[in-house]
Amino acid sequence: MIAEMSHLPIILIAVPILMAALMLFLRSNEGVQKGLNITVSFVMMALSFVLLWQVWNGGIQVYEVGEWGKYGIILVADLLSSGMVVLSSLVSFLALLYSLDYIEGKSLNSSYHSLFNLLVAGLNGTFLTGDIFNMFVFFEILLLSSCALVVANEKGGVTKSSDKMEATFKYLVLNMIGSIVMLIAVASLYATVGTLNMADLSVKISAMSAAGTLPWHIFAIALLFIVVFGNKAAIFPMHYWLPDVHPTAPSPISAMLSGVMIKVGAYGMLRVFFLIFRDALFLFQPIIIFLALATIIIGAVSAVGQKDVKRLLAYSSVSQIGYVFLGIGFGTVHALAAALVFLVNHAIAKSMLFLTSGGIIHHAGTRDMTKMGGMIKTTPVMSVAFLIGAMSIAGLPPMGGFIAKFVLFDAGLLAEYYIPIAIALFFAVFTLFYMFRAWLLMFWGEIRDVEKYGEYSSHKSSYMITIPIITLAALAFIFGIYAEPLIALSQAIAEQLIDPQPYIDAVMTRVVR
Amino acid sequence: MDSFNAITVAIFLPFIFAGLIPVMEKLLKQRVGWFAAATALASFILIGLAAPEVLGEGHIVQGSISWIPSAGVNFAIYADGLAMLIGFIASGIGVLIMSYSNGYMSQKEDLKRYYQYLLLFMGSMIGMVFSANTIQLFIFWELTSITSFMLIGYWRHKPESIYGATKSLLITAAGGLAMLAGFLLLRTITGSFDLAAILSDPQVINAVKEHELFLITLILILIGAAAKSAQGPFYIWLPNAMEAPTPVSAFLHSATMVKAGIYLVARIHPIFSGTDAWFILVSGIGILTMLVAGFLAFRQTDIKGILAYSTISQLAYMMTMYGYTTHHEPGIGVAAATFHLLNHATFKACLFLVAGIVAHEAATRDIRKLGGLRREMPITFIVASIAALSMAGVPPLNGFLSKEMFYESSLEMGALLGGGFTFLIPACAVLGGVFTFAYSIKLIDGIFLGERSKEHLPEHIHEPPLTMLIPPAFLALLVIVFGLVPSLPVHTIIEPTVSGILLETAHLHVKLWHGFTTSLMMTIVTFILGILIYFRYDRIAALQDNFNARFPWISVNYYYDDAVDSAKGRAFKFSTITQPGNIKYYMTAMLLLMITVVAIPVITLATNIVPSTLNFDIAPYEAILLLLLIVAALASAVLPKYLPSIIALSALGYGVSLLFIYLKAPDLALTQVLVETLSTIIFLLAITKIPQKYREKIPKSVLFRDLAISLAVAASVFVVLLNATQGIVAPFESLSHYFIENSLPLAGGHNIVNVIIVDFRGYDTLGEISVLCLAALGVYNLIHSRGEEQ
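So the protein lines, in turn, are chains A and L.
Read in order, the letters of the first sequence correspond to residues 0 to 512 in this note's numbering.
Read in order, the letters of the second sequence correspond to residues 3 to 792 in this note's numbering.
Isolated chain L, as found in the complex (with noise of 0.2 Å):
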């Protein structure tokens, strides 16, 4: 199998079986875990096959099928060294947490639903990084987050799952069509949604920097990346998706999905880094959620809580490092972040599944109420522990490697940039690593160390089954072997994926040991600062908790409750102020369109709104008539009483008769004649059953007001129909001349009328004929659905 083969099969093999998960359910019964880990496997060994191609010969695996020509978007890969690093990640880690999920989910649980959607998340994921066109990986992106949303809110009935579900759903998919905003502006200034043509163009690149929606097109891509990722303000759904079952927060919430805003902004390096822009938008906000969500961690009860403010922290570290840069050094931290992604992967899943241990064997999750448990849980401990001294930075493990370069990376642009930065930059990054640490001892403490409580843990507390202590064991030899052996990841996956981001070939050298420099000075500080800070852990902890309580202002997610709480209230007055429910305001609204409509070309286009030939030789007989026609009009519209009202109307009809019959139109006459005389008798048959007087009294201003609308739109009227009759504009004539000639020898009738009726437009009295027959059906109706009600 080819590599792009493999690829593709690789992204659509879990969608596939994930449609088969009922069948092997049936099968396989509660064991059907193995079947979604198999089929990770599968797509992790799929992945394996393009390899060496990718990773060994450094090539990039593209090709495309055809899928939406018209759109100009194809099903298209793009498989370089960064898509493979997260492919897999995914993948792999999938394994890890689809054989864990066997212990872990007890046997009552809906574990169909829970494995489609785990097997699904992890193809739009793979789908996802290998994607060669924004369009695609947008589809992608948005099926992470779709799936992510039904996991969160995996036990549905429970109110906090559905909040936590909603706001991630809102916040991420919401940054997603910023996002998709961007990719269409990117697609507006490169022509193309495809990203490898961009990348391996670099006029085109060139072409976007320069380009005046650059910040625009850059920042909207931002705000997609920040709010799946969890940076910036868009930090707050990631702490409420802990509401997952562990194993999904140890997925999809440390190890992959929230990984997809930092792979994007991988992805997207080469196109926009190299400005100051990109240094302060990702850099900024790397720093600035880094500092705040580390800090914040101090506050965090439940272990998964102090886990995910240290996943947004973390991320946050790769963001700033991936915006590192400058005009002639693009790319400063982008081997430090890249590493650290997948330093990340390792630990942090680790501990996550550890928390899932701890949760399941000791019946809570709360730190206060944990502790002493090394005695009980040995291995977990042993565990445990590397995982957490690895994020702490502390030697030999692969945290401390990682660390160790983005604290080389800060100063780099710390010194690049000079003045006051130099000594800035570096020191936010060790505060970020003091408070990293704090909180890594904090998990070993709290969980293991210490006293054992009695009142508030389970007699009984022994080390979990195999299936669930074998996963983050693996993922802890990993920690062990990546930081004793660094070149071992280094050389055959890091380098190939920042040759990817850079688009150069690139050379790394990371070594445990470096000699004394000035980052190991820092590591050496941050411990220091560390175990200083870890004292007054609880107090740090208890100032937040008194700010928040006096401030609660001072908080994202005060502003999030605020505005969804409201939305509803507030959309419902809009919508009873905008709909008031009476249909005089809805009238005129409609009528005043019309007047608008009418006044636009006569204010803009006109150039005699009255006709300059107009005739006003008026005969004394339609005078008399017309004047006839005004008072009857006027009289309906002003006599207080329905009865006078309708006689008035009903002399208004007889009048346009009368006028029908002085334009020599009999047959109309009569038809106007026929018809007023049955409206009236119906109007006065209706009459006796409602009350004979107008009963609401209508203030002056509204009657000025209704007059006012009334004579504009009869203005209009008559502006138009003036126009109108002034004739057919040569040279083009009326059609009568062809009824004329024709009605006697192609249709076979004297009186025109009745040959335009039945025969030349004999089409339209059917029509007519039928709209008679609705009426009355529809009176039927009415009379029978009023009949069912009584």
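The shape of chain A in the complex, shown without the other chains (with noise of 0.2 Å):
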């Protein structure tokens, strides 16, 4: 392996955060802010691919940062973080791109290409970290940094600046007792074990159980991290912000929050529980499990009744992220692969469906679905994506999302979860009905009632806007008919989560100066 490479997961984090200052100082010349911003996220989006590349090849790459070891923060790039870091990569970069034609020039000059940066960094962080306490800061950022990104202007955008505070203000005030929580847990953790690397509190922790010294608030705190991550990826009780947030955003946001952000609460999950409370996994399970159940009837009962086109996919989400959730739950090498396989197909196909929308609402000049109609004549791209995506979303073949549900409820079903797979089943009726519907309501029907709504805009969507919804369209089928390189890795990665000693090893065998 060449020695420089060896750099990558700092680079990864690095260069976002540079690129945030120098935005800043390049707002006089616009253009050399957008070539510069979206080549260098296209080079870290071939970065990160490099990186699962070397740690598929060469093993999981631990990265000291200052060389302090276990006493310091070190960096571990195993399949999982590459991975996530690769999704999170390619959604961005199609983001950006996007943003580039749809976000006001004004709001896109000043600060978006700063605040957009410092998303990225805060997600490949976050991914990327060994150390607990390093991903609350990087909690931060993200927080931080979406929060702002939310309420960015779009170009002729229909959403009201007070929908958006609002919506922001109810994110921001959630996602800080998120926050307290998390350090309430991460400061107990410390002070019990008496260490902030994850490896180290695996071991530590492994050794008390087997010593039966194993204090008890260990659960406690263990479980408190479902109130954490649940937040962050919303699932019952904890979707709220959701279902305000998302469609508030301007739709390149909503695609990174609803593609990458909620999978951070499940990259946290299974990172915290797979990896340190491995112990805590018998009371986790039940708890997880019964939470996603929730979560998917809740989702998909409420994006039923939904007619603003946004705040349907936002429900879908919370509805789709339930069955994530759900094979987290089951905990099998099975399952957990196939929670990844659907985590990778949603991430994919509703962020599309989010750069659809935006290219619909540009289209019809307003988010409500009952004052669309008969778009399919007018916009043909869009309504060929929003139907891939749809069908994916549904688990219809020959779409990614098929896949997805086929390998989860094999996994659920070998596992013998017998009624919860009944249950999730039965709302995957409700998915392809409400999905169904939004796409006939808008693409099919006569053209809406022109002397009450206007008419469309003639405007057509530019290369920016289509080339990411139409790259995005592509993988979702191309995971539909060729799954196997997904469902290989995804099997690799669960086999490290279910027997994290390599990842321990990797870590715990540095030497320390």
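These are computed hints drawn from the structure, not numbers from a lab.
Hints are supplied without guarantee of correctness; some may be wrong.
Unchecked claim - List of simulated lysine to aspartate or glutamate pairs, EDC-like, C-alpha gap at most 20 Å:
| no. | chain 1 | residue 1 | chain 2 | residue 2 |
| --- | --- | --- | --- | --- |
| 1 | L | Lys211 | L | Asp278 |
| 2 | A | Lys376 | L | Glu27 |
| 3 | A | Lys169 | L | Asp708 |
| 4 | L | Lys570 | A | Asp367 |
| 5 | L | Lys31 | L | Glu111 |
| 6 | A | Lys154 | A | Asp100 |
| 7 | L | Lys570 | A | Asp307 |
| 8 | L | Lys110 | A | Glu445 |
| 9 | L | Lys160 | A | Glu445 |
| 10 | A | Lys376 | L | Asp112 |
| 11 | A | Lys370 | L | Asp112 |
| 12 | L | Lys456 | L | Asp368 |
| 13 | L | Lys666 | L | Glu678 |
| 14 | A | Lys376 | L | Glu162 |
| 15 | A | Lys159 | A | Glu103 |
| 16 | A | Lys154 | A | Glu454 |
| 17 | L | Lys575 | A | Glu29 |
| 18 | L | Lys575 | A | Asp307 |
| 19 | A | Lys154 | A | Glu445 |
| 20 | A | Lys451 | A | Asp367 |
| 21 | A | Lys159 | A | Asp307 |
| 22 | A | Lys306 | L | Asp567 |
| 23 | L | Lys691 | A | Glu165 |
| 24 | A | Lys306 | A | Asp367 |
| 25 | L | Lys586 | A | Asp162 |
| 26 | L | Lys31 | L | Glu162 |
| 27 | L | Lys371 | L | Asp304 |
| 28 | A | Lys376 | L | Glu111 |
| 29 | L | Lys160 | A | Asp448 |
| 30 | L | Lys586 | A | Glu165 |
| 31 | A | Lys159 | A | Asp367 |
| 32 | A | Lys154 | A | Glu29 |
| 33 | L | Lys371 | L | Asp278 |
Two chains, each in its own frame: build the complex with the hints.
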């Protein structure tokens, strides 16, 4: 392996932070700002693939920030974290490309570029860190950058500024509570175990468990992380902020939030429970299965009642993240792999749907689906993209969403979780119903009453808008007809999760100076 | 080309060529349909290449290509007689339909889309029947549902099309999900998705029959089959599917796609038959559907409506026959059902095509307006009569033969069951036949016989162009040939199919004349009763209309419409109840979960909730300080105005910094003082902009509830922290030893806290600095976006 390449993990975090600063200085030159940001974003995406490739071939990579070993902060790139980085870099790049044309010029020029880079840094930092307190720090970066991005203005925006404020307020307050809970949990953990390094925590807690000295409040601390990550992932009963925030955000930010941000919660659960709190899994699993089912039901039923296309998609995200957590709750290798397959497919399909909804809103000048109709003639690209997304979310072949549902249900039944699978299956019918109802409302039927609602915009979507949508739609289709690489990768990740020894070895065998 | 490759190409050729349609449309213009028909013909021939091996030698062609090995699924083909039969029907009828469409579809229509979906459908159908594993079967199965949805909604601006398309998709795809669950259960029982492996191993089949999940697996799979083949309560989508262009109805909704459910029943026959459950479920649904749908056909005024109900009823015949089973004779009606499957494809597709011709030439499909067309369209009249009479079971047509076999197998099944069934089952069969006879005659009579209406019909009506006449005429020819020379289809295709289903070599003897048997008597009874009923046809229809008007809720459609129409309203209500909008509820929910997750280990695991070694040795300074803190905290919560409440809050903060000083952490105390001062100033600046008093009156009950929640949250945090501060569990120790030892030698700093912040954990600090910058940018953004608004 080339020596410089071992710095990849920190590069993926440091460069976006640097870019955030640089973007502020380049405000006088819009063209350079756009060109540089999108180029760097593309390079970051390429590097994330390189990192995954290295980890796949060369094993887990550990990067010590400041060479303090477990006494300082380390970054760990295992298959899960580098896989998540690839996913987020991909969606980020496409969302950024889309933003260049979609976000209102002044907003884009003044702060959007910087904030977006910090969001990317926050995501990569969260995925790559091997330190539980450092994860808290990056959660803060994520929270504030996403808050600030939600209020960014879009061209010809249809969302009132006051709505954005209200949504952001709720988002901020509820996430602050989440942050406090995380702080309490991390502090208590440090006070009890005496380390913040996740691998070290894992080793010590296992040792305590084996020696019989594991205090009961470790379990309480462990379960508090359900509140922390559950809130990020928007699972019941902490999903309330999502249907307000995701629709009011500008569409590329909605795509980032629904596509990647809520998956941070799933990542956190996987990392913390399957690495550190393995002894608490017996409590964790039934709770998560219960919450996941409640999430599926609430999201799916609520989605049926929406006429705002983005709010429908937001409720759908709630429901779909429930399926991911169902897999996490089952906790077998197959189920974890299935949860990851589901996660990836949802990320792709849902971010594509949000991007598409942005195009639809531009075209129709409203988010209200009952004021649309017959758009299959006027925006054929959006109609095909939305159909592919709808089919994928509804779990219809030949889209990726079908493979995701198939492996998830299969894993659930193999683990003999008959009742949860029956419930999940029943509400999959709701998914089918609301996704297709939305598609039919917007694209079939007569073209809307022009006198009442005005003509559709004749403005053609630029390539910056259509390329991200087409790319994601193609991925949703490819993962449906050839899912083998994704499933194989997910299974390898799941095996690393079930047996964390390689992770621990990679970290703990480092010599501390 | 070997058989495996031939079939693989036959499956994928339509998919690839569907992609070529736009190019072909540029070249061929409105003649693009011939390209589609040629594709279907190519698939037909390719399947034919496998015929010598499968049908002639009786081999089952198998083969697979690695696809998703990680999930245990490969692309695999299983070609037995059954697969060949339906493969031939799908591609063969496909050729006729796509040729016919060249005449039927106006040049103004979107031909590209039309032929693309037809080809995609055909490929999916062929792929489905040749699938060797359940997952592949399911994928193609759902593809047929989706292409069917697209074709039913071909005229997508029409509300009726949207209604019909939605209904078909919801019912068939939801049924499909149940079927998927059934397949997955079958996998948990057998350990394999591979149908070929299950079918070839009698031990596995026995294990399935004895497994505790047998019944639920069977029910789930049958739900999928019934939804697809419009059986039982799921029938309601098929009549509305008639919104599709007529060739589509002929192809998908009579000859091929709706047979997918029947195919599935035949495919899983060896695994599940020979049990009571199989007979009760399959034949039960079949008999019920056959009678109800046959009866309800009377009410229809649209020719396609009659044909739709007739299709449902005819499919139910096949269901019933496949369901006839006993433990010793698992496949009593298999031969009859299979033969009827083939025959139905010929006469029903022909009738649909005739319906298309009539609509095309006479501009209406309303049977009340039609009549007397025999003179203007003599050839169409003859073709239609052959097909309709075959459906009615009149010799010497093929429908007569399979209906006779239906009666025979019903007699046999009844006799084997004994008791009342000896009579009941054949009687039901005859009744089904009577209804069929009546509406078949109605079709001929209503369209071609009687008086021609001048008022409703155009002045000049003539025969259609040859492109539209040859396909139904060809089908009518098959009807006659299969009727007169039954050994031709029976030996070439029906026998191998039956062998494929029963998993043993079958020999059938079907003859036009087989003496005065009981079944022939039943046929004669059917004709007599059918004629009698036909004289009361309109009265029965009127009765049905009256009944429906008086009792609208006695209908499956009523419940479907009710559920779908009210779904949005109910769901919206649900979402407003679960998501009331006020952040208070959301916080409450989150905090309640927090309390719960702490309570769970407290209740289940904790030996002592409060550590036994608590140190109650509190110095007077500490006591005073803590008391101050408590008072300040309480005051900040209960004071009625913002200003005093904020001051109490900052008093709390300063108290904490005092505590830090007392605990010998001056740097922390300094930080705390600075933060507290700054936030108090900001608060006070902001407070001048908002009302000085809480405006809302909070009821006592809410107050107590909030108090209880707050106390519970405080208690759970308190308990966790109290336990956590009991020190690090031995033998582990804090990292601070390392920091104390190494901060000077390795990092060159005396102040450990500083070294931690800028060196050991400098990376965290970088993050926190970014957070600060972010906050600044965020505030800038907020002000900016407000400026835009004004």
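Hint check results:
Restraint check: the Cα-Cα separation between L/Lys211 and L/Asp278 comes to about 11 Å, which is no more than 20 Å; the hinted pair holds. Between A/Lys376 and L/Glu27, the direct Cα distance comes to roughly 19 Å. Compliance with the 20 Å bound is thereby established for this hinted pair. For the hint pairing A/Lys169 with L/Asp708, the CA-to-CA distance comes to about 19 Å; that is within 20 Å, so the pair holds. In summary, the hint linking L/Lys570 to A/Asp367 is supported, as the alpha carbons are separated by about 14 Å, within the 20 Å threshold.
The straight-line distance between the Cα atoms of L/Lys31 and L/Glu111 is roughly 12 Å, inside the 20 Å bound, and the hint therefore holds. For the suggested pair A/Lys154 and A/Asp100, the alpha carbons sit about 8 Å apart, so the restraint of at most 20 Å is met. Between L/Lys570 and A/Asp307 the alpha-carbon distance is near 12 Å, which keeps this suggested pair within the 20 Å criterion. With a C-alpha separation of about 18 Å, the suggested pair L/Lys110 and A/Glu445 falls inside the 20 Å cut-off, and the hint holds.
Restraint check: the Cα-Cα separation between L/Lys160 and A/Glu445 comes to about 7 Å, which is no more than 20 Å; the hinted pair holds. Between A/Lys376 and L/Asp112 the CA atoms are separated by roughly 12 Å; this keeps the pair inside 20 Å, and the hint holds. For the given pair, A/Lys370 sits about 26 Å from L/Asp112 by alpha-carbon distance, which is inconsistent with the 20 Å threshold. Taken as a hint, the L/Lys456 and L/Asp368 pair is honoured in the structure, with Cα atoms around 14 Å apart against an allowance of 20 Å.
Under the criterion of a C-alpha separation no larger than 20 Å, the hint pairing L/Lys666 with L/Glu678 is consistent with the structure, at around 19 Å. Straight-line distance between C-alpha atoms of A/Lys376 and L/Glu162 comes to about 19 Å, which keeps the hinted pair within the 20 Å bound. At roughly 14 Å between alpha-carbon atoms, A/Lys159 and A/Glu103 fall within 20 Å of each other, so this suggested pair holds. Pair hint A/Lys154 plus A/Glu454 holds up; C-alpha atoms about 18 Å apart against a cutoff of 20 Å.
Between the alpha carbons of L/Lys575 and A/Glu29 the distance comes to roughly 47 Å, so the proposed pair goes past 20 Å and is violated. Taking the CA atoms of L/Lys575 and A/Asp307, the gap is about 15 Å. The hint holds against a cut of 20 Å. Distance restraint check for A/Lys154 and A/Glu445: the Cα-Cα separation of roughly 27 Å exceeds the 20 Å cut-off, and the hinted pair is therefore not satisfied. In summary, the hint linking A/Lys451 to A/Asp367 is supported, as the alpha carbons are separated by about 14 Å, within the 20 Å threshold.
Proposed proximity of A/Lys159 and A/Asp307 is supported: the alpha carbons are some 14 Å apart, at most 20 Å. For the given pair, A/Lys306 sits about 14 Å from L/Asp567 by alpha-carbon distance, which is consistent with the 20 Å threshold. A distance of roughly 18 Å separates the Cα atoms of L/Lys691 and A/Glu165; the hinted pair therefore holds under the 20 Å criterion. The straight-line distance between the Cα atoms of A/Lys306 and A/Asp367 is roughly 6 Å, inside the 20 Å bound, and the hint therefore holds.
Our distance criterion of 20 Å between C-alpha atoms is met by L/Lys586 and A/Asp162, whose separation comes to about 17 Å. With a C-alpha separation of about 29 Å, the suggested pair L/Lys31 and L/Glu162 falls outside the 20 Å cut-off, and the hint is violated. At most 20 Å may separate the alpha-carbon atoms for a hinted pair to count; L/Lys371 and L/Asp304 meet this at roughly 10 Å. For a cut-off of 20 Å, the pair hint linking A/Lys376 to L/Glu111 stands: about 14 Å separates their Cα positions.
In summary, the hint linking L/Lys160 to A/Asp448 is supported, as the alpha carbons are separated by about 15 Å, within the 20 Å threshold. Between L/Lys586 and A/Glu165, the direct Cα distance comes to roughly 13 Å. Compliance with the 20 Å bound is thereby established for this hinted pair. Distance restraint check for A/Lys159 and A/Asp367: the Cα-Cα separation of roughly 14 Å lies within the 20 Å cut-off, and the hinted pair is therefore satisfied. In summary, the hint linking A/Lys154 to A/Glu29 is supported, as the alpha carbons are separated by about 16 Å, within the 20 Å threshold.
A hinted pair counts as satisfied when its Cα atoms are at most 20 Å apart, and L/Lys371 with L/Asp278 does not qualify at roughly 48 Å.
Violation of the numbered hints given earlier is confined to hints 11, 17, 19, 26 and 33; the remaining hints are satisfied by the structure.
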